[in-house]
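Which chain is which? The protein sequence lines are V and L, in order. Read left to right, the first sequence gives residues 9 to 462 (our numbering). Read left to right, the second sequence gives residues 9 to 462 (our numbering).
If you're looking for bench data, these hints aren't it; they were derived computationally from the structure. Do not take every clue at face value.
Identical copies go unnamed one by one, so any copy, or any two together, can satisfy a pair.
Said to hold, decoys possible - Simulated pairs of lysine-lysine, DSSO-like, Cα-Cα distance not exceeding 27 Å: (1) K119 - K62; (2) K238 - K181; (3) K252 - K181; (4) K181 - K427; (5) K181 - K370; (6) K209 - K370; (7) K158 - K370; (8) K158 - K32; (9) K181 - K209; (10) K62 - K32; (11) K427 - K370; (12) K119 - K19; (13) K238 - K209; (14) K19 - K427; (15) K32 - K126.
The structure displayed is predicted, hence computed values, not measured ones.
Number of protein chains: 2
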Amino acid sequence: MSEVMEFELSKEFLERFNQALEEKDNSFIEQSLAGVNSADITSLLYEFDAEQCKYVFSILPTEVDAQILNDLDQDIRESFLQDFTPEELAAYLEYLDSDDGADILYQMSLKKQEEVIKHMENEEKASYILDLLRYEEDVAGGLMAKELMKADVNWSVDRCIEEIRIQAESVTKIFSVYVVDSEGKLLGWTSLKRLVLEDGKTKVADFYDDNIVSVETYMSEEEVAQIMQKYDLESVPVINARGKLVGRITIDDIVDVIMELAEEERQLMTGISADVEEDDTVWMLSKARLPWLIIGMVGGLIGAQFLSIFDADIALIPALAFFIPLITATGGNVGIQSSSIVVQSLANPNVFAGTMLQRLLKVLFVAVVNGVILALMVFGVVMLVNQNQPLAMTVSIALFSVVLLASFMGTVTPLVLDKFGINPALASGPFITTANDLLGLAVYFSVAHMLYNL
Amino acid sequence: MSEVMEFELSKEFLERFNQALEEKDNSFIEQSLAGVNSADITSLLYEFDAEQCKYVFSILPTEVDAQILNDLDQDIRESFLQDFTPEELAAYLEYLDSDDGADILYQMSLKKQEEVIKHMENEEKASYILDLLRYEEDVAGGLMAKELMKADVNWSVDRCIEEIRIQAESVTKIFSVYVVDSEGKLLGWTSLKRLVLEDGKTKVADFYDDNIVSVETYMSEEEVAQIMQKYDLESVPVINARGKLVGRITIDDIVDVIMELAEEERQLMTGISADVEEDDTVWMLSKARLPWLIIGMVGGLIGAQFLSIFDADIALIPALAFFIPLITATGGNVGIQSSSIVVQSLANPNVFAGTMLQRLLKVLFVAVVNGVILALMVFGVVMLVNQNQPLAMTVSIALFSVVLLASFMGTVTPLVLDKFGINPALASGPFITTANDLLGLAVYFSVAHMLYNL
């Protein structure tokens, strides 16, 4: 019954499809894909190379091709589209909403953008797309579609329905009907349901809802996502600086934004510096990972230089060296935990309402509780196993200090990064681990030096 | 113009509102909140305590109270609702969709659930909620709302509009009109737009779309989220095992699911074992962080025991100890990067299409590239700074081996966890760091032992 159930990418089907491609068995390709959701065809095409995909494109209806292009992973689409002529691209754009069309063009050179738009037959859509290309890709203006349903506040319900019949041709999904004044200023909204239920002679002015949440063209995608989530919106109107309705953003685009932001955060947290996936080339994967590894390595080398100051101490009391991994690992773990909690609060600014001082005091309390518990445990174990009181004292005091310091660093670093407009998730990554390693070593050997009177 | 702009939580307003609460100045409270979006009132209420919030609730209309309850953070709501009587709760549920009502009841005891439902006046809604409570909270059945618009395939457009007038009373947002047969089996869908545009005498059977994606009641929220994202759906119908339409899931609920999953992943990755936020108590925050810190500490203590085997070596060549942080940090960083890339592929199963062997081979290549580069750099630096060839050889060979091993561990661990149904993001957390610390130390001192002929 459901399509999800119907179309399974079985190994048998893949082999059969591959065979059809080799034999150019167009009728099999056509029949097996007829009525299949474009998102499923997209998944299928990921299994084949660009040339084979282009062959499938030549068989499928242009409308389906356009949907597949829209579904394709951005990197893959970019390289795939290089083989298409401006005429072909223009034909696809006719079938897409203006925002999806603009998304495809964003990746191209200005010259190619112009050539594609020149070949478009639907002049309204062409002008919509040109309009959208003026905005950055990651602000509300770049996310919005120009296609929307609007009604003049002075119209009657009958007039609305009449106009909607015309507008509806170009709008694939209707969420709200936006109500504007004669100059196009956004006043409020109503629903298609309401229009269906109202009497045909009633004026829109008599029943529309003026309680409306809107965003402005310059707002960042993060802000738009936060607003749509907060108010549970499935679409939001976009207005310009003068309050004129210029577009709308739908929730499916925002879901993509949310996923991208989460992905970006994970990559920052794990020290991957570019947007890579497991199927990228070995060199791309290496390159994305090397910068942070090198930073970590430099940190490690500085640590080695630092430890060499205590050369004689280590030769005298090698047991001091045994606990280096314990100290650095704990510092790293505490730092990452602390920064993670701050990053979370920064992402949901509503929930936490304390001042900076309250925040730091609380972090201090949590650090003291955890630090005391860990220090006592380590003290006990070292006394039991190594039966060496100065060593147990040194390690546990150093551990306690490291927990305190790493908590402080882990809390302050993301806040400072955020102040400077840098993604605070960066602070949960190898950055904080490396810094805390060095800090931990400094504390550890300073404590040792003092306690042992070295 | 836009509400977002209009209602700002300024410090002045907060103080004025606080004063109004103390003076029980009901008219100020009423006027300042009239027409304000419930999500904004919710943000405001986070600044006040439970008793003050309850006072505001007593002044606001029941409908607004119900929306605020729905917006509230789940933990806060749970404790807040303990002061309400079943009668009061029943009154709120009348104003909420069945899924939101069930969400509120999920947190209560069976006995309290029954008492609340007993007091509900709207019997249809009460039976809807009872129905939903049978499902687990995190499967499609627990996410869906019972309110939806459906049309019998044999109806005419006029009949549909007539029925929709009746159904529409209880459905706040219409996305699709689902088409069913006389037994309630889901056949397809149509849109309100289509119904408005079609001639009144046409039968639904003549124009409805049978290409429909649906989910089944038992599907997990992750699966539902993936399907809605893949097909860009703003609502999805839910069917039972017999194909009967039993509810629908809307995208706003799925956005919440996506955010929760991302949050859960971050907490796993950073070693926080419970769902805590910065405004939880010190003890809750400590408790959520301690388990992983203790695991890390135990790892560190095992590391110390392991290093004590090399007691004599370290006393002889203290410089060996200097590079312990470099080795452990690099192992940790490489492990986290590798697991992060696997976790990402597991979340987007479509993109990567290789076998296990291809996957591991690729990981091996990337590790060799990065390992060689890092090892050469470290060799150069140690030769320059320490001018000690055996040491430079030892450190760089160990580093290379650690990069290889940590890549392998970081790739295999999340895959194994996933196989056993454990969230693979766990592998990016302190778990892998601790394991790699020990592994790195073992490799380092084994290499040293061999090269130095100790």
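Each hint, compared with the structure:
1. K119 - K62: within (23 Å within a copy, 62 Å between copies)
2. K238 - K181: This pair counts as both: shortest intra-copy Cα distance 22 Å, inter-copy 17 Å.
3. K252 - K181: Answer is both; intra-copy 22 Å and inter-copy 25 Å each pass.
4. K181 - K427: Neither: 39 Å inside a copy, 39 Å across copies.
5. K181 - K370: neither (48 Å within a copy, 43 Å between copies)
6. K209 - K370: Neither. Shortest intra-copy (62 Å) and inter-copy (68 Å) distances fail the 27 Å Cα cut-off.
7. K158 - K370: neither (51 Å within a copy, 53 Å between copies)
8. K158 - K32: Intra 47 Å, inter 43 Å, cutoff 27 Å: neither.
9. K181 - K209: both (26 Å within a copy, 24 Å between copies)
10. K62 - K32: within (12 Å within a copy, 71 Å between copies)
11. K427 - K370: within (21 Å within a copy, 39 Å between copies)
12. K119 - K19: Close neither inside one copy (43 Å) nor across copies (51 Å); limit 27 Å.
13. K238 - K209: neither (36 Å within a copy, 42 Å between copies)
14. K19 - K427: between (51 Å within a copy, 20 Å between copies)
15. K32 - K126: neither (34 Å within a copy, 66 Å between copies)
The structure is inconsistent with the numbered hints 4, 5, 6, 7, 8, 12, 13 and 15, although it conforms to all the rest.
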